[in-house]
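Please build the complex by placing chains B, C and D on the supplied structure of chain A, with the hints as guidance.
4 protein chains.
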Amino acid sequence: MKKLILSLLAIPLVFSALAQSPAPPQSKIVTDSIHSKVLNAYRAYNIFLPKSYETDTNKKYPILYLLHGMTDTHQGWAGRGHVKDVADQLMESGEACEMIIVTPNAGGNIYEGVWNGYFDMPGWSYETFFYTEFLPYIEKNYRVIGDKAHRAIAGLSMGGGGATGYGQKHSDMYAAVYAMSALMSIPEMGAAPAQKPDDKMAILTKSVIENSCVDFVANADEDRIANLRTVAWFVDCGDDDFLLDRNIEFTQAMRKKKIPCQFRVRDGGHTWEYWHSALYTCLPFVTRNFGKNQ
Amino acid sequence: MKKLILSLLAIPLVFSALAQSPAPPQSKIVTDSIHSKVLNAYRAYNIFLPKSYETDTNKKYPILYLLHGMTDTHQGWAGRGHVKDVADQLMESGEACEMIIVTPNAGGNIYEGVWNGYFDMPGWSYETFFYTEFLPYIEKNYRVIGDKAHRAIAGLSMGGGGATGYGQKHSDMYAAVYAMSALMSIPEMGAAPAQKPDDKMAILTKSVIENSCVDFVANADEDRIANLRTVAWFVDCGDDDFLLDRNIEFTQAMRKKKIPCQFRVRDGGHTWEYWHSALYTCLPFVTRNFGKNQ
Amino acid sequence: MKKLILSLLAIPLVFSALAQSPAPPQSKIVTDSIHSKVLNAYRAYNIFLPKSYETDTNKKYPILYLLHGMTDTHQGWAGRGHVKDVADQLMESGEACEMIIVTPNAGGNIYEGVWNGYFDMPGWSYETFFYTEFLPYIEKNYRVIGDKAHRAIAGLSMGGGGATGYGQKHSDMYAAVYAMSALMSIPEMGAAPAQKPDDKMAILTKSVIENSCVDFVANADEDRIANLRTVAWFVDCGDDDFLLDRNIEFTQAMRKKKIPCQFRVRDGGHTWEYWHSALYTCLPFVTRNFGKNQ
Amino acid sequence: MKKLILSLLAIPLVFSALAQSPAPPQSKIVTDSIHSKVLNAYRAYNIFLPKSYETDTNKKYPILYLLHGMTDTHQGWAGRGHVKDVADQLMESGEACEMIIVTPNAGGNIYEGVWNGYFDMPGWSYETFFYTEFLPYIEKNYRVIGDKAHRAIAGLSMGGGGATGYGQKHSDMYAAVYAMSALMSIPEMGAAPAQKPDDKMAILTKSVIENSCVDFVANADEDRIANLRTVAWFVDCGDDDFLLDRNIEFTQAMRKKKIPCQFRVRDGGHTWEYWHSALYTCLPFVTRNFGKNQ
Numbered sequence: 001m002k003k004l005i006l007s008l009l010a011i012p013l014v015f016s017a018l019a020q021s022p023a024p025p026q027s028k029i030v031t032d033s034i035h036s037k038v039l040n041a042y043r044a045y046n047i048f049l050p051k052s053y054e055t056d057t058n059k060k061y062p063i064l065y066l067l068h069g070m071t072d073t074h075q076g077w078a079g080r081g082h083v084k085d086v087a088d089q090l091m092e093s094g095e096a097c098e099m100i101i102v103t104p105n106a107g108g109n110i111y112e113g114v115w116n117g118y119f120d121m122p123g124w125s126y127e128t129f130f131y132t133e134f135l136p137y138i139e140k141n142y143r144v145i146g147d148k149a150h151r152a153i154a155g156l157s158m159g160g161g162g163a164t165g166y167g168q169k170h171s172d173m174y175a176a177v178y179a180m181s182a183l184m185s186i187p188e189m190g191a192a193p194a195q196k197p198d199d200k201m202a203i204l205t206k207s208v209i210e211n212s213c214v215d216f217v218a219n220a221d222e223d224r225i226a227n228l229r230t231v232a233w234f235v236d237c238g239d240d241d242f243l244l245d246r247n248i249e250f251t252q253a254m255r256k257k258k259i260p261c262q263f264r265v266r267d268g269g270h271t272w273e274y275w276h277s278a279l280y281t282c283l284p285f286v287t288r289n290f291g292k293n294q
Numbered sequence: 001m002k003k004l005i006l007s008l009l010a011i012p013l014v015f016s017a018l019a020q021s022p023a024p025p026q027s028k029i030v031t032d033s034i035h036s037k038v039l040n041a042y043r044a045y046n047i048f049l050p051k052s053y054e055t056d057t058n059k060k061y062p063i064l065y066l067l068h069g070m071t072d073t074h075q076g077w078a079g080r081g082h083v084k085d086v087a088d089q090l091m092e093s094g095e096a097c098e099m100i101i102v103t104p105n106a107g108g109n110i111y112e113g114v115w116n117g118y119f120d121m122p123g124w125s126y127e128t129f130f131y132t133e134f135l136p137y138i139e140k141n142y143r144v145i146g147d148k149a150h151r152a153i154a155g156l157s158m159g160g161g162g163a164t165g166y167g168q169k170h171s172d173m174y175a176a177v178y179a180m181s182a183l184m185s186i187p188e189m190g191a192a193p194a195q196k197p198d199d200k201m202a203i204l205t206k207s208v209i210e211n212s213c214v215d216f217v218a219n220a221d222e223d224r225i226a227n228l229r230t231v232a233w234f235v236d237c238g239d240d241d242f243l244l245d246r247n248i249e250f251t252q253a254m255r256k257k258k259i260p261c262q263f264r265v266r267d268g269g270h271t272w273e274y275w276h277s278a279l280y281t282c283l284p285f286v287t288r289n290f291g292k293n294q
Numbered sequence: 001m002k003k004l005i006l007s008l009l010a011i012p013l014v015f016s017a018l019a020q021s022p023a024p025p026q027s028k029i030v031t032d033s034i035h036s037k038v039l040n041a042y043r044a045y046n047i048f049l050p051k052s053y054e055t056d057t058n059k060k061y062p063i064l065y066l067l068h069g070m071t072d073t074h075q076g077w078a079g080r081g082h083v084k085d086v087a088d089q090l091m092e093s094g095e096a097c098e099m100i101i102v103t104p105n106a107g108g109n110i111y112e113g114v115w116n117g118y119f120d121m122p123g124w125s126y127e128t129f130f131y132t133e134f135l136p137y138i139e140k141n142y143r144v145i146g147d148k149a150h151r152a153i154a155g156l157s158m159g160g161g162g163a164t165g166y167g168q169k170h171s172d173m174y175a176a177v178y179a180m181s182a183l184m185s186i187p188e189m190g191a192a193p194a195q196k197p198d199d200k201m202a203i204l205t206k207s208v209i210e211n212s213c214v215d216f217v218a219n220a221d222e223d224r225i226a227n228l229r230t231v232a233w234f235v236d237c238g239d240d241d242f243l244l245d246r247n248i249e250f251t252q253a254m255r256k257k258k259i260p261c262q263f264r265v266r267d268g269g270h271t272w273e274y275w276h277s278a279l280y281t282c283l284p285f286v287t288r289n290f291g292k293n294q
Numbered sequence: 001m002k003k004l005i006l007s008l009l010a011i012p013l014v015f016s017a018l019a020q021s022p023a024p025p026q027s028k029i030v031t032d033s034i035h036s037k038v039l040n041a042y043r044a045y046n047i048f049l050p051k052s053y054e055t056d057t058n059k060k061y062p063i064l065y066l067l068h069g070m071t072d073t074h075q076g077w078a079g080r081g082h083v084k085d086v087a088d089q090l091m092e093s094g095e096a097c098e099m100i101i102v103t104p105n106a107g108g109n110i111y112e113g114v115w116n117g118y119f120d121m122p123g124w125s126y127e128t129f130f131y132t133e134f135l136p137y138i139e140k141n142y143r144v145i146g147d148k149a150h151r152a153i154a155g156l157s158m159g160g161g162g163a164t165g166y167g168q169k170h171s172d173m174y175a176a177v178y179a180m181s182a183l184m185s186i187p188e189m190g191a192a193p194a195q196k197p198d199d200k201m202a203i204l205t206k207s208v209i210e211n212s213c214v215d216f217v218a219n220a221d222e223d224r225i226a227n228l229r230t231v232a233w234f235v236d237c238g239d240d241d242f243l244l245d246r247n248i249e250f251t252q253a254m255r256k257k258k259i260p261c262q263f264r265v266r267d268g269g270h271t272w273e274y275w276h277s278a279l280y281t282c283l284p285f286v287t288r289n290f291g292k293n294q
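Chains as they are written, first to last, in my numbering: chain A, 1 to 294; chain B, 1 to 294; chain C, 1 to 294; chain D, 1 to 294.
It is possible that some hints are incorrect.
The list treats identical chains as one, so a pair stands whether inside a single copy or across any two.
Here are the simulated DSS-like cross-link-like pairs (lysine-lysine), alpha carbons at most 30 Å apart as the crow flies [stated by the list, open to error]:
id : residue 1 : residue 2
1  : Lys257    : Lys292
2  : Lys169    : Lys292
3  : Lys200    : Lys257
4  : Lys292    : Lys148
5  : Lys28     : Lys59
If you are wondering where the hints come from, they were derived from the structure by calculation, not from laboratory data.
Since the model is a prediction, treat every value here as computed from it, not as a measurement.
The following block holds chain A by itself, in its conformation from the complex (with noise of 0.2 Å):
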């Protein structure tokens, strides 16, 4: 029975057949940070770097912001969302083309007195930041093509409010805008003043409501309207999600507009397991809309 035993140097031929040697080229996420003027802090990001990065030297590659939830920070599509490996499959199947993938910090423990939030509100600038500092440092600092045509946005619940309303304000910035459970808009009830002239949560909610996205395509003029044309938009959001009328609110004024705008409505709540799954609709879809859009 000598042939039935193997030996330690044919077992990984058997249980290690990916491990290939030399050790091919590898995609990979890099926690980085930079200092903000603007909030005077060091902020934090996650980067995904596609596997040709490090070989292909002098390649420009997409890029795609996506944006987390609120009192999620910028580890979470890499933690929980497992964005490296979606990425990966969908590279190596071709379903998606290799581009960066940035999620920068905009939160943290809200409960606990940390800013939350992608707009500009009194005492936490994070939408100048983003758009004076963040975008302009990664763009420069990673090998991005960084035109509108090759630049997309993303986010899950307050994460897919603030992709949709960054995509809004600046149509001639973005291809693409994928909105999960997205936190489109506020429902205005009869509220009550914020307990605290510091409360960091009513702040925030206060921003939601200035920067509605739903208000921003009902109140859309002919211009507005041309540009919001220039972005292909995806909207999608769960059947049990607690977020569902606001999406629907949405689309519902972007069909009034004539503005083309793809809903999907599948199975699931307000979670992980749908945003997960959501990055085999997104990243396909941002991928076929980059080039396009010029």
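Frame of chain A, contents of chains B, C and D only:
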């Protein structure tokens, strides 16, 4: 603008709509362990208990044994496999029925000398442990229906081979088997003897060869074939998986013996993305076979 | 090269491997008709009988009423919907159980004066025909189990509204309802009177408004809500469908009353591609609800 | 109740919302034919022209040759395959780009003596016809881009073998090949001579064996391998298909030569349900490979 400033009381209505009062019953995963005389050690396990388990205290449930792969432990399916999240979603939509899902620990870091494997081998009588200690303990201490018609087994890689081998040798105990990227066998290569007599990897490899799932079918007589037909079989393996040919050989052997066996080759390799997504097929598959094969 | 030239005897082995001898039982679709006193006419129907129907002559089956859309007839689901092909595949894989599927004729070319519609209206008491003649006839003349737990109803467009309305008014009769691109209601627009007193389109439209599926839920009291909760509901409508807002209103009304209802918005319009693909969700959905709601 | 009675004018708003005025451009399928000197006969074909074809009169398009199976004709993909409906939906959502899709007639009822087959054989020089007459005619008479980077080929069963064989022998002409349930080869069984010298089935079978797609890869030298790597390959075959093992052999041969090739085994047999659903993978696959392989 007072109405725009939401109070802390109002915010949970918006952001935490799912956290209703009083807290509805939730599914949960419990980590526990039993002492094994066979293995002379404590062996840990993870068990998923469905939503109604604590409130519906007379109800008994079908059970799925969900096996992990080599170098992994009972934590893999809960951690990277997100089995609770998938089960919650599928049970909510009705695509999976409420069931108990249990992952025993049959591994750890084999390169650091930890035993791995589901079969009996010199020094590691895991199969004996499983059938004389583990399964009886679980089905006595949790509200498990406990017949063939309501018991299924699944697993990935080494655990896919384990699930298939267990289903083959105990076809009177399982209604369904779902094998993911399964180590169905190891091709016999001209092999040198193991370098140390207690080389656990060599011992494991030998046990897999001796328990070849392919040979078990290929060598089946009419009685065994009849038994195998009382189980519902599903084989799921990625097109980039280094074990694909082993799975092809298994399904070809099954077809030759006219034993019905679902077979899928989806996009992907030997990765958690593949196994996680396989749960979306696996749980409905075992669900619809529960109660059928008596 | 003799061995390369296959004989006519050998070829069927290659090209017709599925045509085994003796011919295995096949499912089939039968077109037949009954005479209706209510409508004073013969009414045709198409009925799908599963594979075992002719050989397993004591077996009784669950039943699915599958309704067609406006201007279409009982032939639509068999012809363009390919319901037999889909059912064969899903029953083979086990995703759908064996069931009888019947499509009555409630239409034809309305523009040429043919009656259309599932509700009672002046001159066309179709709902009366359905419940006093058609359903009793089918369930007596075919081996139908015939209780609520094993009866489901589905349909597309006008038939989706019919299926939903029937399920609402007869919640004691159906375990599940699956609505595709359903005409859930018609928005009340400032409408002029019909141009002729016997305008069948105007009469149909009026009947749809009077049987609004949205209003039925919105106006439901606690008793009715309790009844509606005994049915499993599924609403499936394309993002480009002109009836999407009606389906949104329906699911919002259901949610407000806390009546569980699956909701999906997939890519597509008011097309046969959508309805055909919906069968792949519909048949498993009704399958897993058969036997549940007593 | 006047407001409930809709006028004939109002109804189209509800039921025919998609029929906007003036009629927007539509895609279409045209059936036409060319006279072949090689075959000494008229040969029909079906051609799908995308929505913009008639309005955007200077635009040139990528092309997909979509081959039918044995005993079928150029009508199969349009009739039962619903290629126009699938293409319309995928082009609307952006998952497929606008392209021309053409199905030549290489068949008919072989049992009644009609020639079938894509390769040259005694009495039926179809491959010569295809490359010297058909393809040049199509690419001259329709606005086809006409280079390798914008030409793809796909097919089902006999046409899947045809597409693969054409892609192999003319790897300089195709960017992508998508094979469905393909007749990749025929196993050599101990065969008797054909019963008549002009037995068209025997002649066809012989041509398939001589053009074995499996052997073509297995016997490939380095030059041929390099050429095959310039094509994107996709093999898609059902788990119940009697040709599955042929497709497995093909993908194994490709893997052995390290030629990238997507492989999928989905649920199903040798059926139109399978091929129709394959279009939803095929059209996006060829779309994303257009423009890539120069």
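Now the hints, each set against the structure:
{"no.": "1", "hint": "Lys257 x Lys292", "in the structure": "within (22 Å within a copy, 36 Å between copies)"}
{"no.": "2", "hint": "Lys169 x Lys292", "in the structure": "within (20 Å within a copy, 33 Å between copies)"}
{"no.": "3", "hint": "Lys200 x Lys257", "in the structure": "neither (34 Å within a copy, 34 Å between copies)"}
{"no.": "4", "hint": "Lys292 x Lys148", "in the structure": "both (9 Å within a copy, 21 Å between copies)"}
{"no.": "5", "hint": "Lys28 x Lys59", "in the structure": "within (16 Å within a copy, 41 Å between copies)"}
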